[in-house]
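Letter by letter, the chains look like this.
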Amino acid sequence: MPSGISSFFGLNTALRGLQTTQAALDVTAHNIANADTQGYTRQTVDLEQFVGLKVTSGARSGNGGALLGGGVDVSAYRRIRDAFADLQYRTQKSIHGEADTTAQTLSNVELVLNEPGDKGIATLLSRLWDAWQQVANQPEDTATKGALVVNATALADGIRALDAQLAAIKDNAATEFAAYTAVGGDVLANAAEIARLNAQIKQATAAGQQPNALLDQRDLLIDRLSELGHVTITELPNNSVQIAFGNVATPLLVDDTTAWEPTPPATTLYPTPSPGGKLGALQELSQTGGTIDQYRADLNAFVAQLVNDVNTAHGAPFFAAGGTTAATIAVDPGILADPTTVQTTAIAGSPPGANDIALAVAALRGGTADRLYAGFVLRIGSEARDANRRVSAAEAVLSSADTRRQSVSGVSIDEEMANMIRFQRGYQASARTMSTLDDMLDTLINRTGRVGL
Amino acid sequence: MRITQNMLNDRVLSDLGRAMTRLDRATQEMSTQRKLLRPSDDPVGAQRAVLTRAQLKENEQYEDNISQARGWMQTTSDTLAEITKLLHRATELTVQGATDSAGPEARLNIAQEIDQIVAAVKHAGNTSYGGVYLFAGTATTAPPYDTTTVPPVDTYAGDNGIVAREIGPGVSVQINALVNTGTPPLLGGGGGDGGLIDTLRSISAHLKGGTPADAEALRTTDLRALQANLTRINETQAQLGATLNRLDAAEDRLAASTEAATRLLSDTEDVDTATAILELNTAQTVYEAALKTGATIIQPSLLDFLR
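Protein chains in written order, with my numbering: chain A, 1 to 453; chain B, 1 to 307.
With the rest of the complex left out, here is chain A (with noise of 0.2 Å):
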């Protein structure tokens, strides 16, 4: 038997370019559809030669025969995806997530503390100072004396409104931490998502598919993660994965089932290790000792400073004894009652001109208290341009990585015009090839022994 060919075989071969042209065109058009879709990765066709058909006749030497191609076919929808950016990408996401969440609540800081400016501690304390001078000037005074109290009572309140709104900001990033690791907050939404993926994936998989879709969802929902915490990522078998947070030794997810479910290891995430990311620094910011605290200690040093310095001075309790916390500073009940009672001199007999202790509590400007305070305001400061600084370049960096990404991954217009034009002139040719083989078979069937009719 010489030749082992149908007279159809090439049909088959144009019929295979046709629709593999057209599959090409499908995922060009699913490109395009998706260009802006959040989360897409673009995809391409992966092409292989159909298997060849074994041909004795015209083998040249031997006995072996020749194998004839027999077109095309579709292998694969790939997505064109990078692991390496994908890493780069989520290391800076949890990175800016952290020094963003963090410069945030600094600035928060920066603006309850009015400084400098007129409206500041560093203006009322300035004040009481002011009224202690003019005690000093006009003892005899009792005016003096009360403008002295109204002077303190207003550092009083404002030191205690100061040391609230610092209170208020910490308890507010613990809401927003508790927000964000509570049952159907954030992170186990998130999570359970990733684990129900995590399981159609696997079946898809397992069963010989290519879930492109669910992948892309899936690493999106990780990209949202890496924001909040710092993500490692342990492949598993069938495309699945596990997911934990940072230096947390439980970890989010394996594969479908969420570690964390039903209630989160609140035990081993807080306060430590830090998961890294917007938790990390709303940990940072809110836990017992944190960075609010530390301010807060910064100010009750201050507040210790200037009472006790103060009530030294005066001999007696002009800020009330107890009262050596910002969050407790108060004008002695008694002097708050009676303003007269405010002492101005330590001579026997109390001669109302003299004035040796308003003198001594006046002088106690620009003092250690005043330095107190200002190297507070200096420190918030420095962390605030610290964080502001982190910020930016985080996000330098993060527009970096992402720009890489969406240089892999990322839909071209041009790129798919381009394909369209290729594919569609690949379509047209085995189009051709078809009506070319149709002709053939045309004289094949419809001239064969006609000559001469």
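Some hints could be false.
Each computed DSS-like pair below joins lysine-lysine, with the alpha-carbon atoms no more than 30 Å apart [what the hints assert, rightly or not]:
1. B:K208 - B:K85
2. B:K35 - A:K119
3. A:K119 - B:K57
4. B:K57 - B:K35
Quick caveat, the hints were computed from the structure, so don't treat them as lab data.
Only a predicted model underlies this, so the values are computations on that prediction, with no experimental measurement involved.
Guided by the hints, dock chain B onto chain A, whose structure is given.
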């Protein structure tokens, strides 16, 4: 590197955002005329601003203290000048009364005038400034001399407390003149203490006495005592003058310090308008350029050129 349309869009958007942020900052600096809007803009500067502001407030208060002290001392000095005049008149009268030619009636008249001078001196001793008695030591709320009781009581009701004002950090000056301490006391409280009031009372008594011994006393001890009282007043005036000079010097120093602090605060907090305007214009130009680039870049793709 492969570039996609979305990358261009994102880039244009983030560049626009950055340009906008810069513009916002420049506008804010222009409208507030301050470059230090938050501590994080310049932490060390913020600390400096807090301390400098406190320093300015402090200087203001010291200036206020100085002007109050000056008023107090000026009034003291004026009062002492008035007392000096009275003292000179008393000296004249004493000399007049001490001459042998003066008859008893004339001496009695002179004694009465001297009594009036005592009343005037005590009245001067009760001078008050802003409701505060200047010559009462630290017992400033009550008049130091009794000017109403008849027969007159000369005792001093004040104390010898020093009234001081702070005119600079840690620098206090005494602003009151003590009238009932030292030998002889400036005005004293009568009762043989040698003060001016006591001297005048003894002159009055000697004039009224009219004996040769009285006349001799007028000529010798009384005139000498008046001289001592005058010296004392002059010493006090000289002290007041010196302190007033110190106040002037302190005020000059404060003015210099205030000027330096104001300049430092301004350097730390305020914008240089020229720089700020330049920055605003640059920011505006950059923003407009970013917008224009965005508009031209985003439009075309191969799509636009395919039939």
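Right, here's what the structure says about each hint:
1. Of the supplied pair hints, the one linking K208 of chain B and K85 of chain B holds, its CA atoms being roughly 23 Å apart against a limit of 30 Å.
2. A threshold of 30 Å between alpha carbons decides the hint, and for K35 of chain B with K119 of chain A the separation of about 17 Å falls inside it, so the pair holds.
3. Distance hint between K119 of chain A and K57 of chain B is fulfilled; the C-alpha atoms sit about 14 Å from each other, no more than 30 Å.
4. Among the hinted pairs, K57 of chain B with K35 of chain B is consistent with the structure: their alpha-carbon atoms are about 22 Å apart, no more than 30 Å.
The structure shown violates none of the earlier numbered hints.
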